[in-house]
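Top to bottom, those sequences are chains V and H. Just so we're aligned, residue 21 is where the first sequence starts under my numbering, counting upward by one. Just so we're aligned, residue 1320 is where the second sequence starts under my numbering, counting upward by one.
Quick caveat, the hints were computed from the structure, so don't treat them as lab data. Using N, Cα and C, we set each Cβ at its ideal position, and we do this for glycine too. Incorrect hints may have been included.
Which chain V residues face chain H? A few, computed with CB under 8 Å, are given here [to be verified]:
#, residue
1, C39
2, I40
3, Q41
4, E43
5, A118
6, G120
7, H122
8, Y149
9, V179
10, S180
11, M214
12, I216
13, Y235
14, L237
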Amino acid sequence: MKFKLSLTLSLCVLLITGCIQDEPLSPYADIDAFSLPDQVALGAASFNQTNISIYVRKGADLSSIVPEISISEGATIMPDRFSPQDFSKEVTYTVTAADGKHQREYSIQAISVSQYKYDFEYWEELDMYGKYETPVEYDLAGKRTTPWDSSNRGINYYVSFTDPAQFPIHKTTASAGGQYAAEMITIKGPENIMGIMYIPVAAGSLFIGAMNPLYALKDPLLATQFGQPFHDKPLRLTGKYKYRASTGNYIDPKGNVRPDVKDSCAIYSVFYRIDSASMMLDGTNILTHPNIVSVAMLPPGMRAASPGTDFAVFDIPFEKRSNHVIDFEKNKYKLMIVFSSSFYGDRYEGAIGSRLVVDDVEVVIEE
Amino acid sequence: MKSFYIKIYGALLLMIAINGAGFAQESFKHWEYKAFAGYNMGGATPLPLPAEIRKINSWSPGFAAALAFHATRWITPSWGVTSGLAIDLKGMNIRADVKYMTTNLVIGEGDNTGTFTGMFTGKNRTITRNGYLVLPVLAAYKPYEKWTFRLGGYLASLQDANFAGDASDGYIRNGGAAGDRINIEKATFDFSDEVRKIDAGLMASADWFFTNKMAVTGQLSWGLVPIFPSDFNGIPYKMYNVYFMTGIAYKL
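Model the full assembly from the supplied sequences, consistent with the hints where possible.
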């Protein structure tokens, strides 16, 4: 009887398996890797959704360069990936998936000048599946760059907000200068995500770098990849901010209320030496990695609330964290900046409603 | 809803009785009652299998028992009408490799509810165990003393639902094919609350009496109503209850 049953079962499986259809054509239209020849490139390309930034040597002739591009299996790319392009301007590639239905449009920015000032005047929807906005910048050469990423990207995975202002990071016209400033608000999290994670609180965090979505659900701290190439010695991080911690309950990562804890904001910048062009510090080591050269951190007294009722100025010196002697001939470096409406927002704790506004940020360098 | 079914059932039995009364009385037994117990094998399955399913790694019926009572009114010695009630547990455990499978998972509760939409490639395990109260209406045909065949339909009311599982060893593209690629080691889903409250379909069965009282029964029930409502988008294709029950029947 046992034998008969198992025979029947295998027959059923065989029957069902017999009906397996041909494999569908791939719907993926990705640029998996992008690089420029070593004569012009200063490092590895960094991906921020469909924006690819690559630092190039100052004065390099970019007018006719053949990049190295790899794309999804079976996909096609326009213009041809083996034809030379003028990377002194923004170059756009359109990748079409093997199924012919899905397309992605990539922008390549070859950047030759470092950026020191961030005024949050330009915001764009960088994600084709999300209504949130991310600040973009125009560098001294007038080139559009995408140094910023934010916690909006992860939050967009599970919310269906239709207005950019609903997301924890958005532009506000209540600015210190110019038209816009960056506003960050800590919001309620989704709690249980498919049995993988528990997120009671989602802070608004804006940072230089890009989220690596591969780890977004497994280890969110690993997913936040901080920094971009920086070729000067940073001296001070300056800017204007307005912060009010929520008077509501402080919630810990397990979702428990902690009456003994008050929320505070995070404003800091980390300058670190890289061992390889692709090296990035992430949420697990951004304040502890031995390669950290110096850190500018908003002092504790200024984190709980900004002084006064309007924008307050912060002017924080970079403090040495190691005996490393900065040498741009021998080493390469990266710099990251982060703003968050809850200091421990990366661990999914904070108070819902804490609000941080930041504007006119500058990294003051040694001339 | 339940009283509605009971009314229908009563009306049917009445119809059977009235029809039967119209025929000349012959020397055969008009009413036959049968109880049977069986085991359901099958699955909630898309038909045909969609291209997203690349490989079935394993399938097992789990505990899927059926208990039923049938009443047959024989109108002629070889033709009759059968109805009754059955408690059917329909379930399966299935492991499959899937590719480019679109899914929408509801996350969070209350004001906080969000949807995780994406295209998953990896391994899927689904465990279903749905309990139904089943009302069959069948034409019965007895060509030989030992054999009875029935063909008709059924209406079923969902009493208890379980449709859950996990996605593992793969990745999801958030939003769709062009979205962020997120690795998934193991994510759970539970669509139990979404399972449609009714099921209906075709039913065919055969009884072979190996003694005067006892028969071996085989019964195919083929759902024609997708097990999830049309506005459900957790699974990109329609699934139907297709089960074959084998059991032992006892003539009362």
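For each hint, the structure was consulted:
no.: 1; hint: C39; verdict: 5 Å, holds
no.: 2; hint: I40; verdict: 6 Å, holds
no.: 3; hint: Q41; verdict: 4 Å, holds
no.: 4; hint: E43; verdict: 7 Å, holds
no.: 5; hint: A118; verdict: 11 Å, violated
no.: 6; hint: G120; verdict: 12 Å, violated
no.: 7; hint: H122; verdict: 4 Å, holds
no.: 8; hint: Y149; verdict: 3 Å, holds
no.: 9; hint: V179; verdict: 5 Å, holds
no.: 10; hint: S180; verdict: 6 Å, holds
no.: 11; hint: M214; verdict: 4 Å, holds
no.: 12; hint: I216; verdict: 5 Å, holds
no.: 13; hint: Y235; verdict: 7 Å, holds
no.: 14; hint: L237; verdict: 5 Å, holds
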